[in-house]
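Read off the chains here:
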Amino acid sequence: MVDREGKVKSFVLADNNSPGDISSLLKEITLLDKGSEILVDFKNVVSYTPPVIALIGHLRKERDNIELQNISEDAFKFMEMFPGKPESGDQGESVDPEPVRYSGFKKFRKELKIFLVLFLDEFYYLYRFFTGRGGGVYPGEIRKQMFLMGYRSFPIVSLITFLIGVTISISSAEQLNQLGANIYLADLVGFGMVRELVPLMTGIILAGKIGASITAEISSMDVMEEIDAIRTMGLIPEKFIMVPKLISITIMIPLLVAIADFVGILGGILVGKILSGIQPSIFLKEVFSAIGLSDFFIGLIKTMVFGWIIVVCSGYKGFTVKKSAEGVGNATTESVVLSVSLIIFFDCIFAILFY
Amino acid sequence: MDKILEVKNMDVGYSGKTILKDISFHIKKGEIAVIAGKSGSGKSTILKTLIGLIPPVKGDVRFFGDTVDYFSERSFCPIYKRIGVLYQNNALINSFNVYDNIALPVKMEFPGISREIEEEMVYSRLAQVGLYGVEKLFPSEISGGMKKRAALARAMILNPEIIFCDEPSAGLDPITAGSIDDLIVSLKNLFNITFLVVTHELRSIRAIAGRILVLKEGKLHYFGNYKDMMDKQDLFISKFFSGGKKE
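Protein sequences, first through last, are from chains A and B.
Heads up: the first sequence begins at 1 in the numbering used here, then just goes up one per residue.
Heads up: the second sequence begins at 1 in the numbering used here, then just goes up one per residue.
Hint data in this document are derived by calculation from the structure and do not stem from the laboratory.
Some hints could be false.
Claimed, not checked - What follows is a list of derived Cβ distance ranges for each label pair: (1) B:E120 <-> A:G208: 56 to 66 angstroms; (2) A:D15 <-> B:V185: 56 to 66 angstroms; (3) B:K81 <-> A:A258: 43 to 53 angstroms.
The beta-carbon is built from N, C-alpha and C at its ideal position, and this holds for glycine as well.
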């Protein structure tokens, strides 16, 4: 493919070189001493394929000590029209610059700042709404979000909490039966569901269900310039989009928690009746003697905080999306991961505070 | 004529690199000004800067005679009440139907406005842009030309004094693109609306341009009347307006 003429350090390119041959030749030339004279002859080349043109362009720009011979006029014309990669220092035409990329601690600090600003902004607008100073929520939007975020979450939250109630009842019933303490199954299920499992599982389900959808919605709006459009209507997108969602989740969470508590305990009642022979009325009486209203409210407060975490995290990831289809996918995944991590972290904090 | 917008010695850039350098021009009330130039010359950047999405690095921008502080939301927000923006890809909110998209600025600007008044405003704008029978449809259910008209109706709903249009005829067939150009010209003639249009479509420029700003590599190459420009012996301009055929 390439003839080398010993001491002269000259290369004669054959016709029909593969990209691999071109790369090998370039590697060989690069390895030669920078001071040595090099001659590359194209006399045998008939078809100037894109890799051959690229090789000529590259050699012309990179080395002064390389002589190129017998290149066809057409190939030269082509290179003049399409000069390829600019030489170092040549800025070319005005184009959008590379964005500044942060990494490590700087990136974390920058993202934390954005998150906190967004977090404070959203709660500030929420406060203004509830104190009647902000107004400005799009009519019907709260009702729509309550339907999307709350009503549509009832089936999946109910199903999962019912199954969790059944599962912990089955795994505990056998142990308690052996100890002759089967009635305490009601205490265990009631307390465990109301204080711990319902808030945690509801939070995790909502992070996957509504958190992902909020991030995908906002980031798609950002990519489609809808966020810019809202801003240039004189509206504040963070307020316009997020406040109805925060209000809706605040209204819907108590309803979701109440249903989830009821359904989770129902799972326990079912297993208690089948495996331990506990009558439902006795089971319920024992549940109410084990848990008080304060336990319900602790579970409610925890879930409420988890709901706000989900909305704020998903909004933050949506508003800071990298404008591309891949960016939307990544933001959605990151929003769920961030929400679930923060939910578990705050669950741990609540455990320390309330026990 | 009054100056609606005046830009003096404006530089725009970010991440330490200048995109636009020393831009100065002004737009008078009731005219259609066009920003033209090659791709990457900074046309859309000028528009995004003027509507407050990218703050300028230096320079003086005056809207309606007052200097604008792009870093102060309080200073810039009132400007948004007096301008309209038509985005390149329409930026209609996909979860809202056409009616709600157009009514959005009304509902947010005048909370509690009666449904009758709101409908009157929306339907009159729909009529102005020649859009009938699609108000209940969602943006995904209408054609590109209809989306442009709906977006223009939304941009006009609060009677703005100037409408910024980013590539209004981009991605449309020649007939639809021509109808959008005709619409812009008739809106200007009938309602004295000022337009600042970013485009590189030669046909659109010929159809609508009163005055023109030609950008070349981030700098203002020409600013003046379109007709005067065509008489000018300028290599870049002749090449641009002949579709790159002249040298």
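Comparing the hints with the structure gives:
no. : hint                                  : verdict
1   : B:E120 <-> A:G208: 56 to 66 angstroms : violated, 44 angstroms
2   : A:D15 <-> B:V185: 56 to 66 angstroms  : holds, 58 angstroms
3   : B:K81 <-> A:A258: 43 to 53 angstroms  : holds, 44 angstroms
Hint 1 alone, counting from the list given before, is not met by this structure.
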